[in-house]
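Quick note, the sequences are listed as chains A, B, C and D, same order. To convert, take the position in the first sequence, counting from 1, and add 2; that gives this note's numbering. To convert, take the position in the second sequence, counting from 1, and add 2; that gives this note's numbering. To convert, take the position in the third sequence, counting from 1, and add 2; that gives this note's numbering. To convert, take the position in the fourth sequence, counting from 1, and add 2; that gives this note's numbering.
Please note that the accuracy of each hint is not assured.
Given that identical chains are not distinguished, each listed pair holds provided it fits within a single copy or across any two copies.
Stated by the list, open to error - Computed list of lysine-lysine pairs in DSSO-like fashion (alpha-carbon distance at most 30 Å, straight line): (1) Lys-327 to Lys-16; (2) Lys-16 to Lys-254; (3) Lys-303 to Lys-225; (4) Lys-254 to Lys-303; (5) Lys-303 to Lys-327; (6) Lys-303 to Lys-16; (7) Lys-327 to Lys-225; (8) Lys-16 to Lys-225; (9) Lys-225 to Lys-254.
The hints are simulated quantities; they were obtained by calculation from the structure and are not laboratory data. Remember, it's a predicted structure, so these values are computed and weren't measured experimentally.
In case you want the letters, here they are:
4 protein chains.
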Amino acid sequence: MRIGVIGCGYWGSKHVRVLQQTTDVDYVAVIDPREDRRTALLRSFPALGSFAAFEAAARHVDAVVIATPPSSHVDLALQALRAGKHVLIEKPMATSVVGARQVIHEAEAAGLTLMVGHTFEYNAAVWRLREAITSGELGSLYYIDTARLNLGLYQTDVNVIWDLAPHDLSIVNYLLGRPPDMVQAWASSYAHAYLKDVAYLRLQYRDMGTTAQIHVSWLDPCKVRRVTAVGSQKMAVYNDLADDERIRIYDKGVVAAEGDLEPYEMPMSYRYGGITSPYIALQEPLNVQDRHFVECIQSCKQPLTNGENGLRVVQMLEAADLSVKTERQVALESLTTISG
Amino acid sequence: MRIGVIGCGYWGSKHVRVLQQTTDVDYVAVIDPREDRRTALLRSFPALGSFAAFEAAARHVDAVVIATPPSSHVDLALQALRAGKHVLIEKPMATSVVGARQVIHEAEAAGLTLMVGHTFEYNAAVWRLREAITSGELGSLYYIDTARLNLGLYQTDVNVIWDLAPHDLSIVNYLLGRPPDMVQAWASSYAHAYLKDVAYLRLQYRDMGTTAQIHVSWLDPCKVRRVTAVGSQKMAVYNDLADDERIRIYDKGVVAAEGDLEPYEMPMSYRYGGITSPYIALQEPLNVQDRHFVECIQSCKQPLTNGENGLRVVQMLEAADLSVKTERQVALESLTTISG
Amino acid sequence: MRIGVIGCGYWGSKHVRVLQQTTDVDYVAVIDPREDRRTALLRSFPALGSFAAFEAAARHVDAVVIATPPSSHVDLALQALRAGKHVLIEKPMATSVVGARQVIHEAEAAGLTLMVGHTFEYNAAVWRLREAITSGELGSLYYIDTARLNLGLYQTDVNVIWDLAPHDLSIVNYLLGRPPDMVQAWASSYAHAYLKDVAYLRLQYRDMGTTAQIHVSWLDPCKVRRVTAVGSQKMAVYNDLADDERIRIYDKGVVAAEGDLEPYEMPMSYRYGGITSPYIALQEPLNVQDRHFVECIQSCKQPLTNGENGLRVVQMLEAADLSVKTERQVALESLTTISG
Amino acid sequence: MRIGVIGCGYWGSKHVRVLQQTTDVDYVAVIDPREDRRTALLRSFPALGSFAAFEAAARHVDAVVIATPPSSHVDLALQALRAGKHVLIEKPMATSVVGARQVIHEAEAAGLTLMVGHTFEYNAAVWRLREAITSGELGSLYYIDTARLNLGLYQTDVNVIWDLAPHDLSIVNYLLGRPPDMVQAWASSYAHAYLKDVAYLRLQYRDMGTTAQIHVSWLDPCKVRRVTAVGSQKMAVYNDLADDERIRIYDKGVVAAEGDLEPYEMPMSYRYGGITSPYIALQEPLNVQDRHFVECIQSCKQPLTNGENGLRVVQMLEAADLSVKTERQVALESLTTISG
């Protein structure tokens with residue numbers, strides 16, 4: 003298989019490195035108008051094909067990875083699909099639900115593989131966290147709370163919600179196995195003239211009694227990459243920065259006291275137990291993801307993170323933006339109807 | 003001076019210990035219907051007076067500290083004021099704006115000292131953080147973000163907002179020197195049948211461009227007591243659990259890039275510098291606070307955390323509750339008008 | 003039972019507080035020539051007896067706790083034993099083997115209870131660590147490494163070895179169930195004119211293949227209270243400063259590769275697993291210890307940390323001092339013979 | 003300039019990557035008998051020359067980097083020098099003082115550049131620590147204490163002292179600007195059949211009153227890379243694992259109390275101040291080092307870490323081994339005389 007990577011930035015360079023080592027990938031080309039960037043990559047990977055634009059590369063590749071700024075994803079994806087190429091799009095898949103739908107539609111019509119780069123769904127720590135939830139180890143799930151904070155890196159074409167929250171939305175969707183019903187968001191532009199650089203999202207799942215809160219920031223003194231999942235039996239924290247113990251499971255919880263309470267009695271009792279950090283073997287998630295892309299093409303299988311999966315995240319992002327503007331919560335369904 | 007402490011719980015016992023050692027306090031009495039609790043305290047402090055109710059203690063004391071569950075604060079404060087006693091009320095001062103106003107009104111009319119136990123305003127680490135803001139060290143202030151999380155302790159008569167957020171609201175008011183214009187809140191009841199046990203508040207200061215976010219939780223695996231203040235020049239974190247470095251000042255920031263940007267250029271540049279943890283001498287804040295109460299009574303001075311100060315926090319709490327119910331933001335002014 | 007606490011310092015005050023709450027202790031007296039110190043304690047505990055010297059207190063007490071500077075332990079213990087009192091001596095039991103032996107001898111002859119305050123042997127975290135070793139959970143024990151570091155507190159009559167190492171020596175003896183054969187030590191006086199303020203000890207257990215290293219310091223920027231135990235199967239760390247996870251058990255280890263090795267092959271293979279922090283219920287060790295003292299007196303039982311136990315630690319301390327002076331290792335047996 | 007890297011292991015691969023990007027290096031060749039290793043490197047760096055042995059590579063290179071197991075360093079260095087090549091040898095330079103001297107001698111005789119890869123002397127954090135010492139910021143230096151601990155990686159031809167301590171010895175020599183007078187060491191073989199896998203070294207500097215302690219381990223549950231420097235005025239910690247604050251300077255210390263002391267008075271007083279983490283710009287030390295090697299060749303300058311520098315470390319390693327065997331301290335001078 004021959005794969006072209008469109009875009010030589012942070013994620014594009016990673017895909018190049020990973021694809022070079024992927025079984026059944028015979029040829030990797032880099033596609034970017036910036037010649038200096040291509041030259042730099044070629045220094046490390048001299049076997050790379052190198053093209054300034056997709057048109058020139060088209061006949062040399064069977065599939066493309068789109069790793070350009072988000073606002074260009076849809077156009078590039080449509081161009082590639084119309085040229086008969088399988089497509090892996092970096093997150094977010096599109097900057098509008100309408101665009102995402104069109105990409106899905108054309109991929110289906112053409113019978114081509116469409117996948118979205120929600121890398122965390124290929125991360126062994128996230129798998130372990132999902133297992134803690136679905137196996138009942140945590141008991142009934144109360145809530146998920148995430149934080150993805152850092153100083154930078156500001157993007158040029160999307161705000162912090164579209165830049166960082168796709169990770170967390172994809173993780174939360176994966177953990178819960180379903181999208182939320184309602185989305186609310188608070189966001190502010192502090193250091194940037196107009197792009198929101200700090201945001202808080204709240205996802206509600208009506209019949210589950212579960213909520214998810216997401217805090218994303220380009221403007222925080224401390225780097226944080228955390229997902230907390232609290233259940234009625236146990237609680238789990240996934241800290242992506244803790245090399246040796248990404249997942250910690252706290253065997254503690256709170257139980258409502260039974261019977262009638264005297265005025266001064268404690269309403270709840272607490273259960274305290276040990277903490278366990280299961281061993282999680284290291285495997286680069288991008289590697290797992292890109293191999294999955296190749297296998298899906300070969301076997302005509304739907305990718306785990308297919309177009310619908312990517313669309314769901316775009317819907318949630320659009321709902322979050324709308325909630326920021328309208329200062330109220332947004333039903334995901336209403337949005338689907340409007341833009342669908 | 004002779005002081006009665008009403009309520010033998012967590013905070014009441016602390017006041018007893020502290021007042022016993024306070025200069026110019028000659029006599030301390032404990033007032034609580036629970037005889038076993040009083041007996042327990044008397045074992046450690048045998049010189050304490052001991053009464054089952056305020057009526058019995060009234061003629062033995064000049065002032066009272068009210069450290070009972072919040073829903074009883076107003077009635078007890080009015081009773082004490084009407085008996086001519088100076089009053090220090092634990093936070094929150096009242097469970098309604100109406101109640102808080104009545105207490106302020108009667109204290110003023112009677113010419114008695116009224117103070118609210120917003121302890122963090124007597125905390126040297128908070129003073130240092132305020133200095134970082136008001137001196138311009140942080141530059142222009144972008145936002146404040148706080149987290150006060152733990153497993154427990156659930157209260158019987160108020161939700162987590164009324165229980166934990168008074169600390170953070172008082173800190174934020176003190177740091178900014180003014181109340182916000184708008185309050186928004188998200189909250190959920192997870193482990194408790196009806197009391198909200200996790201909440202997020204958002205305070206907006208229209209003409210300042212500053213916001214404050216507050217996260218409080220009775221249901222978190224990790225204990226957190228953190229206030230982050232981010233400015234255009236520097237950023238500061240106050241971690242109340244870090245004994246040796248409660249305040250850390252990060253000399254870093256982000257600056258919008260100047261001139262016209264090429265499409266692929268970074269929109270912001272980043273400045274990285276050192277981290278400083280100024281030495282903060284330990285002094286128990288409750289001690290500082292209770293001494294201030296005694297001095298204000300002696301000198302007829304207005305306390306730093308007087309009734310108006312306490313009222314502002316109650317207004318914000320009421321606004322937060324209303325925001326949770328109405329699912330929209332609440333202008334503090336509207337509330338003032340309605341309930342004022 | 004009536005107990006006198008001799009010495010009003012850090013440990014003496016703690017014993018007073020604890021003994022006041024101990025079942026079967028009807029009367030506690032404090033014995034110290036410094037009147038101001040006694041007065042201060044009486045303010046908190048007014049039911050305390052108060053005496054300037056043991057002679058005056060003797061007929062009011064059945065037993066004493068000796069919590070004075072180490073150089074006075076032996077004289078005070080002998081005085082108390084000769085007056086027919088049971089004795090609990092703070093660590094180190096004596097500043098010489100000769101003195102320790104004499105105290106043991108007289109206690110035995112008089113049929114009185116003699117106990118040494120090696121508090122860590124009454125600490126639930128140390129119990130759990132011992133369980134990890136004796137149950138075989140760690141496999142065969144390779145070594146123990148401890149660090150007890152801080153800035154201060156310098157003592158007046160003993161060096162850092164005699165001040166801090168008794169804790170670690172007692173822990174190590176308890177964990178291994180036997181004393182070492184050889185003791186070596188390095189020590190320096192940096193900030194103090196003549197007392198050693200930083201030291202490293204090494205204990206060897208010939209037929210076990212185990213060693214223990216102990217690092218104690220009065221002159222370190224960071225507070226550390228750590229015991230690491232490394233076995234062939236697992237490794238454990240006891241961090242006394244980590245409130246929620248004092249014991250962490252690492253399921254990892256190293257195994258010699260089998261068969262003949264090619265020149266470039268790795269000589270060992272590594273096994274990586276999870277980390278577990280068992281829940282350890284909090285119970286103040288001094289409380290457990292002082293209750294044990296009372297029970298041993300009542301039932302004429304040998305205390306867990308009896309005179310022989312305390313003597314073993316004094317022998318190791320004396321051996322360490324001798325090793326520092328002679329710059330070579332000291333066989334504990336040789337020392338026993340010399341001073342025995 | 004054309005450089006050959008002998009040895010394709012951990013450090014060899016790093017040199018290849020770094021040298022590929024170094025100005026004035028036109029050609030890099032890898033020299034290793036293991037064809038699979040060379041092939042793997044060529045996949046990433048296809049412009050590399052590739053040779054099974056130095057003989058074949060000799061006429062293609064002007065200089066070599068020797069990154070093979072330590073026991074082969076001297077033979078390979080002599081072979082390269084005799085072929086007229088400049089030489090950079092990884093640490094330790096040799097496994098005996100005799101060997102190190104011979105290499106120095108031949109390099110001098112041939113007028114070729116000889117450098118040793120003591121990377122930490124090219125590390126900006128170490129520079130900052132040295133500045134803290136030499137500028138007097140720490141006051142008079144009491145001691146240095148280092149720890150370099152991990153689980154693995156066991157070597158085949160040298161023990162943990164020769165594998166890990168070269169880093170710390172080179173750091174300590176660099177910080178103090180001179181070698182110690184005496185070396186002592188404790189070491190044990192736990193998991194390995196005969197190679198020492200845990201060791202403690204102690205370096206004494208007679209007329210300075212300073213000591214250095216070094217703890218190295220292949221068998222510890224926790225990864226540690228720490229250098230603590232304690233002075234009379236301030237204390238500094240260099241933690242190589244703390245990305246954002248490698249150096250922390252503690253403004254605290256201890257001062258002997260003046261005048262005659264009452265028996266119960268504290269002998270020392272303590273000074274507590276803030277903590278500062280100066281910003282240290284990231285620059286890969288190996289990069290700095292290899293550029294320095296090229297510049298020294300070009301300008302016929304003595305490298306900062308020249309043969310004498312490398313020899314000093316080998317002397318200290320040999321002294322440590324001797325101390326382990328003889329169980330006593332070893333004067334570096336005696337060793338110099340014997341083997342010199």
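Status of the hints after comparison with the structure:
| no. | hint | result |
| --- | --- | --- |
| 1 | Lys-327 to Lys-16 | neither (35 Å within a copy, 47 Å between copies) |
| 2 | Lys-16 to Lys-254 | between (39 Å within a copy, 28 Å between copies) |
| 3 | Lys-303 to Lys-225 | neither (37 Å within a copy, 43 Å between copies) |
| 4 | Lys-254 to Lys-303 | neither (41 Å within a copy, 39 Å between copies) |
| 5 | Lys-303 to Lys-327 | neither (39 Å within a copy, 47 Å between copies) |
| 6 | Lys-303 to Lys-16 | within (24 Å within a copy, 40 Å between copies) |
| 7 | Lys-327 to Lys-225 | within (28 Å within a copy, 34 Å between copies) |
| 8 | Lys-16 to Lys-225 | both (21 Å within a copy, 28 Å between copies) |
| 9 | Lys-225 to Lys-254 | both (27 Å within a copy, 13 Å between copies) |
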